[in-house]
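For the protein sequence lines, the chains are A and B, in the order given.
Residue 1 is where the first sequence starts when you use this note's numbering, and the numbers rise one by one after that.
Residue 1001 is where the second sequence starts when you use this note's numbering, and the numbers rise one by one after that.
Incorrect hints may have been included.
Calculated pairs, DSSO-like style, for lysine-lysine (alpha carbon to alpha carbon, straight line, at most 27 Å) [stated by the list, open to error]: (1) K309(A) with K1237(B); (2) K237(A) with K1342(B); (3) K383(A) with K309(A); (4) K237(A) with K1309(B); (5) K1342(B) with K1309(B); (6) K309(A) with K342(A); (7) K1237(B) with K342(A); (8) K1309(B) with K1383(B).
These aren't lab readings, by the way, just hints derived from the structure by calculation.
There are 2 protein chains.
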Amino acid sequence: MADERSYLDHNASAPLRACARTAMLSALDNAANASSVHAEGRAVRRLVERARREVATLVDAAAEHVVFTSGATEAANMLLTPDWRMGRAPLTMGRLYVSAADHPCMLSGGRFAGEAVETFAVRSDGLVDLDALAAVLAAHDGSTGLALVAVHAANNETGVIQPVGEIARLVKDAGGVLVVDAVQAVGRIPVDIAEGWGDFLILSSHKLGGPKGAGAIVGRSDLMMPAPLMSGGGQEKGHRAGTENVAAIAGFGAAAAESLSELENMTTVRQMRDDIEAAIRHSAPDAIIHGTTAPRLPNTSFFSLPESKAETLQIAFDLQGVALSAGSACSSGKVGPSHVLKAMGQGEEATALRVSIGTVTTQDDVVRFRRALAEIADRQARKRSRAA
Amino acid sequence: MADERSYLDHNASAPLRACARTAMLSALDNAANASSVHAEGRAVRRLVERARREVATLVDAAAEHVVFTSGATEAANMLLTPDWRMGRAPLTMGRLYVSAADHPCMLSGGRFAGEAVETFAVRSDGLVDLDALAAVLAAHDGSTGLALVAVHAANNETGVIQPVGEIARLVKDAGGVLVVDAVQAVGRIPVDIAEGWGDFLILSSHKLGGPKGAGAIVGRSDLMMPAPLMSGGGQEKGHRAGTENVAAIAGFGAAAAESLSELENMTTVRQMRDDIEAAIRHSAPDAIIHGTTAPRLPNTSFFSLPESKAETLQIAFDLQGVALSAGSACSSGKVGPSHVLKAMGQGEEATALRVSIGTVTTQDDVVRFRRALAEIADRQARKRSRAA
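Working from the sequences, and respecting the hints, build out all of it.
Written out as C-alpha cells, the structure reads:
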C-alpha cells in the first residue's frame, strides 16, 4: 500500500503545476541576466514582466504594483518595518499589530523591535476578534507613527478565512495600513486588492503550484513603500536588489494564471475535503475538526484525535503512505503544539493533523487517506480496550 | 550571421550547466517542503544537505558553515550589518570598510547606516591599495565595535584578482572581520576558506553555471554570525528564515561540484580569452585592455576603444549576434560609466566593454567575436576618415 503515496500537504508546499514547469524550463534555456541590455537580456526581462502581469491579474492589481521577492518570508520581512517612504518623504509605522493566529513570519515582526509588536486576539472559531482589533487601534499612540496591521487572509493550519473586508475598514478608519498575508488564500478563494483587501498583499509561488523561490508583495498603489530589505542594485525599481530569479518568477506567473482559471474547480476540491472529513467522523467519532463554524478554505482540514499526539499520528500516516502535517512546516523539522489552536483557546499543548489538498488530488488519495485512518483508529481502539 | 549568437556575458549570468538542470528537474518532481517530516519532506531535505556539502567542498569549508540565501545580494545584505552574535552574546561591528572597486551590493553597505561605511582605494592596476587599507584599519575607532572589511576576490568587470591572503592578514592583525565576495572567483580560480581567504565568503549560484535564485554565505566557523536578515522560521539553523528553494539549491550544488572538477579546463578558457584579446589588439590597435598588469581571471576581458562609448559598441555587437556587456548588469537596464574604472583613476566617465566566457565557449564564439569587432572597427575607421 505504501508503494503508492498520497501527498496531502499542499499548504506546506503544493505540487508544481505542469504549466509552471514548462515556463521554468523555457526560462532556464536563456542564460542572461534580466538587467542586461543585449537581446538575451531583453528576452528574459520580457519573461519577468509577463509574470508580473499574471501575478497582478490573480489579485486584480496593477502590474507595476507587484514587487517580486524570493518568497513570502522575505515579503513579510520587507513589509513589516517601521521605515517607509511616501514618495521621497520618510514615513514611520509606530507599531505593528498582528493577529495571534498569524504565521510565524508575521508574528516575528520583521524589522520591528520586539517591543513594538503587539498581538490581537482571535476568537475560539479562529476568526479575528474585531472588537480586540478595534481596541488596540483605538489605543494606538499616533505620535509614534502610523499603525501597521498584519493579518492572514486564510489560516495555514485551520483554513479559516478572515473577514478581511471588515478588518480593512477598521484599519482604514483608524488611519492605519493593512498588510494581508494572502499566501494560503490565492488560487483557492477570490482575492481582489481593488475591493477592500487592504493596502498590501503577500503572495507565495509554491503554495499555489508554482516553484519555491518566488513570492511577491502587491500594493494597492506604490505611493507608499517600505524601505528596501535588500539594497545594492536597481532591480524591481529599487525596491528589491538582486538578480531576478527568472525561472522561478516565470513559473510563479504561469501558476498564478492557471490557478485563477481553476478557481471554479474548487467545488470539486471542497467535495473531496468534505469526503475526507466524513471519513474522519466515521472512523474517529470523537475527533475534533477545527474551525468548522467559520468560513474555511475548500482544501484544508485540521483535526485532533483525543488522547493522541499529532506527531505520532503523522508518523503513522506517513508509514501508511499518506503525507500530511502536524502543524505548519515553517521551521526545520520542528513539530510541536499549534500556536493557532492555542490562540483559539484550545490550550498550550493542543496539537492537530492537517490535510491540505488541491485540484490534482484524486479519489484514490481520498480512499488511501480513509483506509489509513481506519487502520490507525482501529489500532488505537484495540490499544485502549487492552488498557481498560 | 546574427541568426547564430554568441553569449559572452558569463560574469552577468553563466549558462545553466546540464548537471544543474538535471538536479533541478529532479528536485522539482518532489512537491514537499524541506521542513516537513514526512518521507517526501525528508527526501527534499537530503537534496538540500547534499548541495550544502557540494558548495562547502568548492571552497574547502565545513558543510555546517554554509547558509543558503536567495543569491549574493541577499548574502551581502546579511553579512554587512553592525549587529552580530558571538554564540549568544551580542557583538557589534563599528564600521564597514569596502574597496572602491567592489560590487554595488557591497558598496551599498547592507544594513550599515551610510555614515558608517567607508571606502578604501584601489590602485591604477585595479589591485587593492594595501597601504590605504592599513591606514583605515589603523584609524579605526575600536570603541565603536570591530572593523568589518568587505572586498571582492575577483572583480566582476576587470577580472582583476585581489591579494586576498595579504588582505586577510592585514584585517586579522587589526582584529577585524573580513567578508570576501567570491562570486566571480569560484569555479575560475581555486578558493579555499581554510587557507587565508577571510572569515566569510559570499557565493552566487548563477555565476558558476547554477540557476539564478540561490547563493550562500560560507563561514570559516559559525561561532560569530550576523543577525538574521529574515526572521520568522527556523530554517538554516535560524540564520535564514523562509522555505528553502530546493531546486535552485540542488542546481547550485551540482554546479559547484562540476565547476570544481573543471578548474583544470580554465587553461583552455584562458587561451580563448587571450585569442579574443589578440583580436582586439589586431582590429583596434589603440584599444585599452584594463587590468592586464595585475593577475586576472582566465575568463574576463574588459576593454575600451577610444572615442567610442561602450553603450554604443555594446549595441553594435548585439546586432552582430554577440552578447557582451558594458559594465555590470547590476541594475535594471542601466548602462553608465564604470565605477571600477573610476576607482582605477580612469576618470568619471570611463566606459568599457566586458567579454566574459566559460568552459562552454567555443572557437566559433571567438571567430564570431573577431568578425564582429573587425566590422565595427572598420566602420569606425571609415567614419573617422570621412570626418577628417
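To see whether the hints hold, each was checked on the structure:
Only pairs whose Cα atoms come within 27 Å are accepted, and K309(A) paired with K1237(B) is accepted, the gap being roughly 25 Å. Distance hint between K237(A) and K1342(B) is fulfilled; the C-alpha atoms sit about 25 Å from each other, no more than 27 Å. The straight-line distance between the Cα atoms of K383(A) and K309(A) is roughly 15 Å, inside the 27 Å bound, and the hint therefore holds. With a C-alpha separation of about 25 Å, the suggested pairing of K237(A) with K1309(B) holds against the 27 Å cut-off.
Straight-line distance between C-alpha atoms of K1342(B) and K1309(B) comes to about 15 Å, which keeps the hinted pair within the 27 Å bound. Between K309(A) and K342(A) the CA atoms are separated by roughly 15 Å; this keeps the pair inside 27 Å, and the hint holds. Pair hint K1237(B) plus K342(A) holds up; C-alpha atoms about 25 Å apart against a cutoff of 27 Å. Among the hinted pairs, K1309(B) with K1383(B) is consistent with the structure: their alpha-carbon atoms are about 15 Å apart, no more than 27 Å.
Checked against the numbered hints above, the structure breaks none of them.
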